[in-house]
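K.L.:
What follows is each chain in one-letter form.
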Amino acid sequence: AQSVTQLGSHVSVSEGALVLLRCNYSSSVPPYLFWYVQYPNQGLQLLLKYTTGATLVKGINGFEAEFKKSETSFHLTKPSAHMSDAAEYFCAVRDGGFKTIFGAGTRLFVKA
Amino acid sequence: GAVVSQHPSRVICKSGTSVKIECRSLDFQATTMFWYRQFPKQSLMLMATSNEGSKATYEQGVEKDKFLINHASLTLSTLTVTSAHPEDSSFYICSARESGGDEKLFFGSGTQLSVL
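Quick note, the sequences are listed as chains A and B, same order. Residue 27 in this note's numbering sits at position 27 of the first sequence; the count goes up by one each step and never skips. Residue 8 in this note's numbering sits at position 8 of the second sequence; the count goes up by one each step and never skips.
In case anyone wonders, no lab produced these hints; they're calculated from the structure. Cβ coordinates follow ideal geometry from the N, Cα and C atoms, glycine included. Treat the hints with care, since some could be wrong.
Below, a list of computed lysine-lysine pairs in the PhoX-like style, where the Cα atoms sit at most 20 Å apart [unchecked claim]:
#1 Lys104(B) x Lys58(A)
#2 Lys49(A) x Lys68(A)
#3 Lys99(A) x Lys55(B)
#4 Lys104(B) x Lys99(A)
#5 Lys99(A) x Lys64(B)
Sample of chain B residues at the chain A side, in silico, Cβ under 10 Å [what the hints assert, rightly or not]:
#6 Ser9
#7 Tyr36
#8 Ser43
#9 Met45
#10 Arg97
Put together the whole structure using the sequences plus the hints.
P.N.:
As structure tokens, this is what we get:
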């Protein structure tokens, strides 16, 4: 069975500071990994995804994530936080049948 | 890009009534759609997988008679919450897999259901 663990339900950073949201996964097959962002009362927007190939994946809004198989991790980073980055972030893993399992989510707060 | 339309975005109903939520793929065909439920400040929990022309597959613990799913066409899946109760109040989100496409899934904008 696949699962996703997001370390830290809340992360607070200052504007301009590095953003690091942690995600570890377990999967019996090569995983497809995703990061989604959700703004209040809205659906999910895909930030980035890893399927195969390059392990450093760049997404929208300046976010990127690195797939590390040895650490079973897929942490999300952004060099400089912006106020508009404040939202809920979900890491997800998908099996071959397209069933997507989400982590518990991490709420990012950005302080001025 | 592909768009999934979910309607209504918000619904308030009385206890005991039924509510239907629609999920439409606007510019692509979706053989498979997924329905998720999200409680406040929690993650998305998969409720069921909906395949066009066949019965939905429900996750463990989800009552199929309470949450009726119909996927009658390649562009439309519906979730009906029957005899709704306050504990059914939640945010429901659908996603659609593009037929013949790669690994892309597209999410609807969600429906906030409040049962009084």
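K.L.:
Of all the hints given earlier, name the ones this structure violates by number, lowest first.
P.N.:
none
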